[in-house]
Each structure stands twice: as C-alpha cells, then as structure tokens.
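Undergrad: Chain by chain, the residues:
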Amino acid sequence: MISPPPMAITATGLRKSYGDQVVLDGIDLRVAEGTIFALLGPNGAGKTTAVQILSTLIRAEAGQLEVAGHDLTREPDAVRAAIGVTGQFAAVDNFLTGEENLRLMANLHHLDRAEGKRQAAGLLEQFDLVDAARKPAATYSGGMRRRLDLAMGLVGQPRIIFLDEPTTGLDPRSRRTMWQIIRELVAGGVTIFLTTQYLEEADQLADRIALLDHGKLVAEGTADELKRMVPGGHVSLRFGDPWALDTAARVLDTLSRDDDELLLSVRNDGRVKSLRDLLDRLDANAVEVDELSIHTPDLDDVFLALTGTESER
Amino acid sequence: MSTLRYAVSDSSTMLRRQFLHMLRYPSMSLFIVGIPIVFLLLFVYVFGGTLGNGIGGTGDGRAAYVNYVTPGVVLLTVVGAATATAVSVAMDMTEGIIARFRTMAIFRPSILTGHVIGSMVTTLLGMALVIGVALLIGFRPTANVVEWFAVAGVLTLLVLAVTWLSVALGLAAKGAESASNMPMPLMLLPFLGSGFVPTESMPTWLRWFAEYQPFTPIIETLRGLLMGTPIGDSAWQTVGWCVGGTVVCFFWSRSLFNKRSDR
Ligand SMILES: Nc1ncnc2c1ncn2[C@@H]1O[C@H](COP(=O)(O)OP(=O)(O)OP(=O)(O)O)[C@@H](O)[C@H]1O
Ligand SMILES: [Mg+2]
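Chain order of the listed sequences is E and A. Sequential numbering from 20 applies to the first sequence in my numbering. Sequential numbering from 1144 applies to the second sequence in my numbering.
Honestly, the hints are just simulated from the structure, not real lab data. Quick reminder that beta carbons are idealized off the backbone N, C-alpha and C, glycines included. Just so you know, not all the hints are guaranteed correct.
What the hints assert, rightly or not - Using 20 Å as the maximum straight-line C-alpha spacing, the simulated DMTMM-like pairs for lysine to aspartate or glutamate come out as follows:
(1) Lys1402/A <-> Glu1238/A
(2) Lys246/E <-> Asp319/E
(3) Lys246/E <-> Asp265/E
(4) Lys235/E <-> Asp44/E
(5) Lys246/E <-> Asp150/E
(6) Lys136/E <-> Asp150/E
(7) Lys154/E <-> Glu1238/A
(8) Lys1402/A <-> Asp96/E
(9) Lys1402/A <-> Glu80/E
Stated by the list, open to error - Simulated coverage check for chain E against chain A, where a stretch passes if three residues somewhere in it have a Cβ under 8 Å from a Cβ of chain A:
(10) 97-104
(11) 127-133
To be verified - Derived coverage of chain E by chain A (criterion: at least 3 residues anywhere in the stretch with Cβ under 8 Å from a Cβ of chain A; other residues may be distant):
(12) 108-118
(13) 210-224
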C-alpha cells in the first residue's frame, strides 16, 4: 500500500475578514511536498491575504493551519525557519547594495560567513545581478529590484517558498529565467506556493491550481482538469459588413458579438467536423467571412467563466 | 541558550545594517553634530561676551561663558539625534523589508535594538566631538578622571532614555514627515532650563517650569562634575528622570512595535 504524499501546507476552514468585509471565507488548501501550487484570482480576491497568513505575517481568524508540519499559531518560529517568502511588493533594503542585502539575509539565517558569501554569489549569478551587486538597491530598475527580492527569498535554502506574483514586472526573458529557477528548485524537492495573474505561468508551472473568488475557492485541480470545466472552445469570425454579422449571429450558436469591430464569437470545439458544419451553414446563408480564428479553451476562459462580479453571474 | 545566541547575533546583524545606513546617508549624522556646534559658536562668539558678564563670571566674560554653556550645548546633541532616530525608525517601519524580517525566524526585538545601539553610539560620538570643539575654543573643565567617567555615565543614561523615547515616537508616527517634527519640543528644553542662563534670571512662572523639567538637574549635574559647582539633589533627580524615562519609553515602544507587527 502506498502512503499518501506528505503535505507541505494544509489549511482547513481558513477564515479572515477586515472589519465586516470577509476576505477568506473558510477555504481549504492542501499542497503536497515537492509540488507547485498556484493560487489564481481577480484583484482583491484575497490571494495576498492567504500568502500573508500562511507565511506568519498576519493571523487568521479561524482555521486549522499547518506549514512544514508545524501548527501556524502554536509554532510560528518553526514555520518561519522552514519558509522563504517574496511578497507582492518589494521587500529589499534600499540603502544596501544587492550583495549586502543577500548577506543580510544570510546572517539572519545564521549561516556562517563562507556559506553566506557562497550563497550570495550564487544567487547574484542566477538572477543576473552580478554587475549591479555593488550598487545600492535604490538605484535598481523595477525589474532588478524584483529579481533581488526573489533572490533574497531563496537565501538559506528554504524547503517551502511563497511567491506572491513573482514575475509581475519582469521582462519575458527574466520571467523565463524565473520559471527555470522554480523548476530546478522543485526538482530538488522544494515546495512552491505561488500566486499569479499570468494564466500561462500557472499553466506552465503548476501541478495544481486553485481559483479564488470572493473569498471562496471556486475551482481546484490540474490545468487540464480546470480546462475541462468550461464547455468547449470558441471560434471568432470577422465580417466585412453589418448585414453579414447580423445574419451569422442569427444562424449560429452565438456567445458574444462586437458591432464596432464586426466580430462574432460562436461556440465551437474546434474539431474539423464542427468547423465544416459551421462554414456550411454560413455558405447556405450566403454570408462571407473575412477572418476566422479558433480558440481551444485555455485558463483565460476558465478564469473568465468562473470568476466575476456577483451581478455578472 | 540558543535564544540568547540568536539575540546577540541578530542584534549585531541589525546594528551593522544600521551603520551601513548611516554611511550611505551621512547627512543625518552631520545634522546630529551640526546643531550643537553651530549653537556653541553662536552663543560663545555672538552672545558670549555680554552673557558671560551677566552671569557674574570672573575675568573675561566670553571665557567664563564657554565654561557655563558647554554642558547645555552638549545636551542639544540629543535633539538632532532624537530626530534622526525617530525618522529612521518611522521610515523603516514603512519599508517592505520589515515584513520580510517578520517572516524569518529571528530575534524580533533585534529590529529595534539595532536602531537603539546604533543611535546611542553615534550620539555619544557626536557629544564627544562637541566637547572637543568646546575645548578648542576655550572650555577649561576642572574635572578629574573619576568625574569624567561620571560625565560619560550621565550622558549615556540620558542618551539611552532619549533614544527609547525617539524610537517610541518613530513607531507612533504615521510617516517620516511627522516623525521628524515630534522630537522638536526637546530642542527648547535646554533653553527653558539652566542651559544658557541661570534660572534665577527668569520670570517666576518660567522659573517654576525651568526648575522642574528634567534637563535642568541633568545640566546642573554635568556642570558640577565638569566645573566643580554644587550638585546637591540634581544627581538623584538625573538618575531618576533617565532611568524612569528609559523604562516608560521602552515599554511604550515595545507595545507599539507589537501592535504594528501583527496588524
Ligand atoms: N490591511 C487591510 N485592511 C483592510 N482591508 C484589507 C487589508 N488588506 C487587504 N484588504 C482587503 O482584502 C481584500 C483582499 O486583498 P488581497 O490583497 O488579499 O487581494 P489579492 O487577491 O492579493 O489582490 P491583487 O491581485 O490585487 O494583489 C481586498 O478587498 C482588500 O481591500
Ligand atoms: Mg495580491
């Protein structure tokens, strides 16, 4: 019999509110060791709040919370010793240089001098900050500061890493470097809990994804499982004149239309047979199509379908 | 045991961070010694001739006045230092790095002890510098070695109290701006006491305030130790004010810090 994989993070009935605004309304999370977990959700969904609670920064109101095998309320210092955190907003010391910031972290992790120096040098290399290592962080560009911030979260080789929107503000190359670093960390057995607005990022990296909206988890699973939750894909059609748009909208299974752009979005799973049916029907009504593009469902669709304001649903 | 080791190691790490800040941002440290040195030169060379005759010193009025005014001017050093400390604590608390510290298994109070020890060291160095300048322009103390140690002890007690006060003010402030204004009333205390002129020369209502505010016994104690004037009860009042102030401000800081730590 195989024992279930040990959990790095478990939360049961996690609740938090600010005043009478309920931010997290009793959510359950389970993240297995050595996996990447992505928490998605629109602005204000409560992602940062969840990260702050799990990384011991703020207290939950209720819930059974365990990180690295330690209870969050009873043994916060044991949790802190096991985690590395990079929050949504830069947490670097602007007066210190990049290297001094990393050495500061090493000292606070109580690493010996040689080891601290080695890790700082390695991280400067990994995050492409060697040239800027001796300059004060105040002079860094936004992306450089973000990279330093991420590097600081990795000093001391934590077993569990929290990353709140790690790649926001990074250029595409730095983003890919960060993804590579995350994959290497996980290959070494590290657990990653990340939040992101880039659905491609979750799709690329995460073993499991949870979708948070209005303080509740509205979906959870692998990227493929989530994609199966929204019905089929769709096809976008562009027409040359309003009459064609009108006619097509009448005879097809319309999802949405844009009269200014003469665009129509119709339900279609994108298979050859369904496409042929669609074109046949347009031909039968003598409608000319200028442009056609096929969308198989991606996480964007899942996101848009499952989250939204109360009134839209 | 390991808690103690972390306490020492984390506090010294934070202290090093504080010294690096001072190196990168030296204008604050210059501000600390700038104020008292300007006041010293101003009072000795501009007002000193007249004021020295007024306080009934022997011989040259200006020479007598240097000896009279130096203890009060040395105390002015704490004003600049308090401002610098309050501002750097207030700024630090708004920086994201503090949130990062709070997710790490460190000795929490080290965030404050770094500030406290760092500012105490710079303030005391600043005071030594001010005394050095005073010696250059004619300050002639009569203190022996033991009395000099006592002077150092009194100044350390005072700086300890004022530093904890400014840490508390920095934690209570909404931002760097308001933190920089808070210690300003301290600036007036040496003037509204026996720092620059004897309290007997003041109107009654002001004299009452001057004699009961903390800086007067401290100045009288320092003057007694340095110049051999009578000290009397001032010594005990000095110790009382400084120790009491330190204890009150320490607990005030601690409660503010804990409150701000878990929002
Ligand atoms: N300190 C606070 N005091 C009061 N309300 C807060 C506080 N912090 C967060 N909130 C509220 O809690 C809700 C969730 O905020 P949170 O920062 O967790 O969202 P998020 O999912 O991280 O959003 P984003 O994608 O914009 O980063 C928001 O409505 C926010 O206004
Ligand atoms: Mg957020």
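Undergrad: Take the hints in turn and mark each one as holding or not.
TA: Evaluated hints:
1. Lys1402/A <-> Glu1238/A: holds, 16 Å
2. Lys246/E <-> Asp319/E: Holds. Lys246/E to Asp319/E sits at ~9 Å (cutoff 20 Å).
3. Lys246/E <-> Asp265/E: Distance of about 30 Å is beyond 20 Å: violated.
4. Lys235/E <-> Asp44/E: With Cα atoms ~6 Å apart, Lys235/E and Asp44/E stay inside 20 Å; holds.
5. Lys246/E <-> Asp150/E: Violated: Lys246/E and Asp150/E sit about 43 Å apart, past 20 Å.
6. Lys136/E <-> Asp150/E: holds, 16 Å
7. Lys154/E <-> Glu1238/A: This hinted pair holds, its Cα atoms lying about 19 Å apart.
8. Lys1402/A <-> Asp96/E: holds, 18 Å
9. Lys1402/A <-> Glu80/E: holds, 17 Å
10. 97-104: n = 5 at 8 Å, threshold three: holds.
11. 127-133: Since 3 is at least three, the answer is holds.
12. 108-118: holds (count 8)
13. 210-224: violated (count 0)
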